[in-house]
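Chains as they are written, first to last, in my numbering: chain A, 1 to 337; chain B, 1 to 337; chain C, 1 to 321; chain D, 1 to 321.
Mixed in with the good hints there might be a few duds.
[Stated by the list, open to error] Sample of chain D residues at the chain B side, in silico, Cβ under 10 Å: (1) A121; (2) R135; (3) H248; (4) T292.
Simulated from the structure, these hints should not be mistaken for lab results.
All C-beta atoms, glycine included, are put in the ideal place defined by N, C-alpha and C.
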Amino acid sequence: MSENFGFSDVEASSGRFLTYLEAIAEAIAQEMKRDPDVLVLGEDVGGDFGGAFKVTRGLAERFGDERVLNTPIAELGFTGMANGMALMGLRPIVEMQFADFISSAFDSIVQFAATAHYRWGGAIPWVIRAPSDGGIRSGPFHSQNPEAWFVHTPGLKVVAPSTPADAKGLLTSAIRDDNPVIFFEAKPLYRSIRGHVPEGEHLVALGEAATVREGDDVTIITYGSMVHLAMQAADAVADVGVKIVDLRTLKPLDTEAILEAARATGKVIVLHAANRNAGVGAEVAALIAEEAFEFLDGPIIRIGGADTPVPFSPPLEDAYRPSVADIADALKTLAAY
Amino acid sequence: MSENFGFSDVEASSGRFLTYLEAIAEAIAQEMKRDPDVLVLGEDVGGDFGGAFKVTRGLAERFGDERVLNTPIAELGFTGMANGMALMGLRPIVEMQFADFISSAFDSIVQFAATAHYRWGGAIPWVIRAPSDGGIRSGPFHSQNPEAWFVHTPGLKVVAPSTPADAKGLLTSAIRDDNPVIFFEAKPLYRSIRGHVPEGEHLVALGEAATVREGDDVTIITYGSMVHLAMQAADAVADVGVKIVDLRTLKPLDTEAILEAARATGKVIVLHAANRNAGVGAEVAALIAEEAFEFLDGPIIRIGGADTPVPFSPPLEDAYRPSVADIADALKTLAAY
Amino acid sequence: MEALTNERRVEGYAWMTLTRAFDDTMVAMWKQGRGLGGAFSQRGHEAISVAAGMALGPDDVVAPMHRDLGTYLVRGMTPDRIFGNLLGRSTGPTRGRDANLHGIGDLDLGIIGFISHIPQALPTTLGVAMAFKMRRQPRVALTTVGDGGYTSGATHETLNMASLYQAPFVLIIEDNKYAYSTPLDQQMRSARFAEKVAAYDIPSVRVDGNDFGAVYDAVSVAVDRAREGGGPTVVEADTMRMLGHAIHDGAEYVPRELLESWERRDPVRAMRSRLADEGILTEDQLGAIDRTAHDKIQSAVAIAEAAPLPDPATLSDGVYA
Amino acid sequence: MEALTNERRVEGYAWMTLTRAFDDTMVAMWKQGRGLGGAFSQRGHEAISVAAGMALGPDDVVAPMHRDLGTYLVRGMTPDRIFGNLLGRSTGPTRGRDANLHGIGDLDLGIIGFISHIPQALPTTLGVAMAFKMRRQPRVALTTVGDGGYTSGATHETLNMASLYQAPFVLIIEDNKYAYSTPLDQQMRSARFAEKVAAYDIPSVRVDGNDFGAVYDAVSVAVDRAREGGGPTVVEADTMRMLGHAIHDGAEYVPRELLESWERRDPVRAMRSRLADEGILTEDQLGAIDRTAHDKIQSAVAIAEAAPLPDPATLSDGVYA
Ligand SMILES: Cc1ncc(C[n+]2csc(CCOP(=O)(O)OP(=O)(O)O)c2C)c(N)n1
Ligand SMILES: Cc1ncc(C[n+]2csc(CCOP(=O)(O)OP(=O)(O)O)c2C)c(N)n1
Ligand SMILES: [Mg+2]
Ligand SMILES: [Mg+2]
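Whenever a hint applies, use it, and build me the whole structure from the sequences.
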């Protein structure tokens, strides 16, 4: 892997350590145990196999094949099927084998699920789990970060955790939420980071950002795997006081937290791995430029992927992807502004 | 219709007047005559019928059924078919019956067409014509403005003309362009505006915005049907000098024109009919907040649709959609800032 | 299955008459400019939509489409609510949010609201059926698709999964000869739907979609099979779209002879004469049913037209549950 | 159709051997950590991919999938270029942009590069066939789909349109018993593909996918029919995926007996013994072919490993044509 996602928390905090992947698996198992209406469906999720990333391994044995349902290759159809299940009060957790394939289910998500409650009161309490993000040499179709399509679509909720604890807490909240929630898992974090995760029921409210580092000079607003790069960049530029806001939920955005941080430092970097152009960072920057204009002491710098498909070869993918150096440079530029 | 799209040009200029729809039809017919590789395909486009909006009426008789091909209801499949045709050098013009149904073809557009040339040099010279926009009481599924999904997707071009002349000139350029171009037609303009349209070959380059009104106080950056509302609002607020930039092409954006206008007036409104949240306007505002920060004399105000599906009933749709009054208020606010 | 007694047939005739009266009135209103936005006439589909509605049990769930007006009515959605939706009133099932018959769902009535995107109702309805199956409930989910919608990918994905999972799922294919302006022979090489679904190992039957009794029996058999764990069934209903795709559409592309031949098979009149010929109802009784239907629709229109439009302040209500 | 002479069979054996040698070497390299990203073994598919490639004419176009390595080789894509792609080198057909066999298109060789999204190659290939038809060119377009891809919506939309338009389109269904970890019986209720495509009025034939001659003949008939204006054909190839879905996958979910029974039907060994038994080639001659294949692959790997990685400055090159 081109990036070190080593998460300081591993050293720092105490207690029970799980990987990002283990935390997700734990949330699913605990919710399936708690609520018989929760089920899992998707390609290869069932049996002993337990999915391409093994997130659902062991669930079939524990909860039965019907609640851990293998589907054919039919994203549009099985996501539409989840819509119907959800209308009847079930809480399907749909696994996209890779986030890249969520585009195959597009109508079932953006046209039906996103609008049913607004139009006629049909609630759709499902969660789509989408293993997203790159940096691990998987090429254009196994590295995508498609969250912006869904953040732009009214009626959806979009979540993107950066730590094991948040992954468990946000997924638990997403499963209990009565709306369609798309849960973007940063697959480069699956096994590369560990963190302290509360053992029992653990809920992190949707729609609440977290300030994961305090600082007075520059704010970095980011989410997912990039939170860890931001941390490393902040460590690297020790003389700059860096506040880091982990959005955690991308829709609805925690506009208050965003604006508060922007007002506090007056200098803002918006960072994500998805391509920069018309990405979620554009909304964050535009929000600040409109609502916190008087507080700005410098341009709002956006850092994100290039406006190309995600290339496969290491030199190209490294050039495509934001790096610690890119972030550090932006921090210096703004600090000196 | 809730809005008056009456286009001053109708009175103002001289010569040959066509509706927005006639201008589009003329571009298609002229390009089909000029280049035997150009063909039209989609639902109900053929025969005497000529499509839901009658844009392709008469083409089948003139150019034969094979070049004006009726398709089954299979957007994913017939757009994918257009990909293959285009790889062989044909130039299919794919009609989506309504822009709202473009989501059904999503994979064929954002995964295949958008990436083929980058990945292995396979050029995809098609145009998708997408009748978009609302204000005409058509409800959530016949009123959408989905351009942001495609502006965020690397490898596509996105066009959204506001006048008959631009519609002809941009469509002609789009057909001749060697890349996949999504051409968003503002269907409320189809028959509601007329304008002078050059008779013969008429090309408007992709990627070039147009300043359609000069003014020193505030810039409105917009496109499509909203250009006409911006004009009306500027007329209504006579004491404010309003510069209006019609983007015309949304991808690639004419960043120079945007920044130049922002620098010139220091006060900017970004306006579109699509829902505001993470829309194209967010990219425009973020670009300005990053590249023209020192020139800004006020917050960048974004005006767009609400973060809801497009509602059907007049009072709701009018509340959903930007109005002349909304724009005029923003002009006054910024002018007074 | 509830046997098709004469009482049931009379009931069916009453629903079909109400459906036709609704349709006639709607068409007239829209032509007079008393409408809002577009509207779809279902003329010719009365036997299918009413029989489907009547063949279902009270706890079953249905996702009717844009030509299935009769199903909504039979399931208990009142004409004034539907007109309220057509006219964008706050009293319609979508409170002015969705257009014409789109989205007029009401789970209390076991009705799923559909979206334009064809054929989204199929996988949704399969999911409803799967919920019944997983909960071991003796309930059935039914939806319909047109000849046009049949060619769309989600139809294939749904039929394959419905068969794979043996879900209590019933699909009625409304073969009404056109998808908008496109005739069957420009949609597929052959249109023997019942044979096509053999590819999914799903039993199917083709019926005269203008014969109420035939549709009722076929759908009842399918519903019973699904309820008893026998899995999905497809009912292919042979019918004709008698007016344009929507009211703005004059349908000049449809050969007049074709319409005339089907006009002779009008489902409402056919039912009426059967009941008369078999001496089940007198002309007076039939006339009374017709007048009742007409009066119900007139008062429904009055209620809907008098109803308020939604308050713009409610624009963002209900985006989230 | 070019008759399957003994010369052609020997040629076929050489291509199958080269394909197998490539596959063996690739698997070994990836296990040794000499690979980059993931890789798909096609072991067991050699007869299908080579026969398909050989049955096509020089001007025909093919969109091979992730198990069709032999087709790329037969069409003239050299092993060093393919290894170059697998290793992210600037010398691969995608210049380091796409991964493993994805996107290794080259229109000069009549090859379309595929994307992951299954089954996108189907509508794309239909479009190629439609271009040939519209231009009145005697050319054919061929692609393949797995048992898994068959259940996806675009397969249905493509087969329906291919039949409707009578396009010169050939589809090979590679029934290799699994879609990743999911066996046939969890994908569809029955897997008689040849019967299923009757729903589209498309002629089809089921062949032993491990028998080079059988596949060659069936595909040749299909290609000839398409070229002569007879429209599309589906060839169902009965075969087995002998290794995991990709190299990281141990495929513990596949019963060992199933693999053993198919191992006895190994297409490369089967072809080899036929040529030996029929006295067409001596053991020495066969050994020479095997050694040549081995050597070609070794030098291809050397070339690819020595090739440069792409220059990061080229990141944005080629986004637009
Ligand atoms: C995905 C999609 N594409 C296009 C349309 C536009 N459209 C609405 S109804 C219709 C024709 C449907 O024909 P059919 O399925 O036969 O039903 P019918 O109207 O004949 O009852 C079309 C093309 C749509 N609703 N959805
Ligand atoms: C739309 C989509 N969903 C999921 C995947 C992930 N995926 C890649 S190959 C594969 C299995 C394909 O099975 P099959 O079509 O039988 O081909 P095989 O690999 O067996 O040759 C899956 C699920 C994909 N590529 N595309
Ligand atoms: Mg029809
Ligand atoms: Mg397979």
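Quick rundown of the hints versus the structure:
Because the smallest distance between the Cβ of D:A121 and any Cβ of chain B comes to about 9 Å, under 10 Å, the interface hint for this residue holds. Residue-level restraint check for D:R135 holds (minimum Cβ-Cβ distance to chain B is 8 Å; threshold 10 Å). Residue-level restraint check for D:H248 is violated (minimum Cβ-Cβ distance to chain B is 23 Å; threshold 10 Å). Contact between D:T292 and chain B, as hinted, is not supported at the beta carbon level, the nearest pair being about 29 Å apart and thus beyond 10 Å.
Taken one by one, the earlier hints fail for this structure at numbers 3, 4, listed in ascending order.
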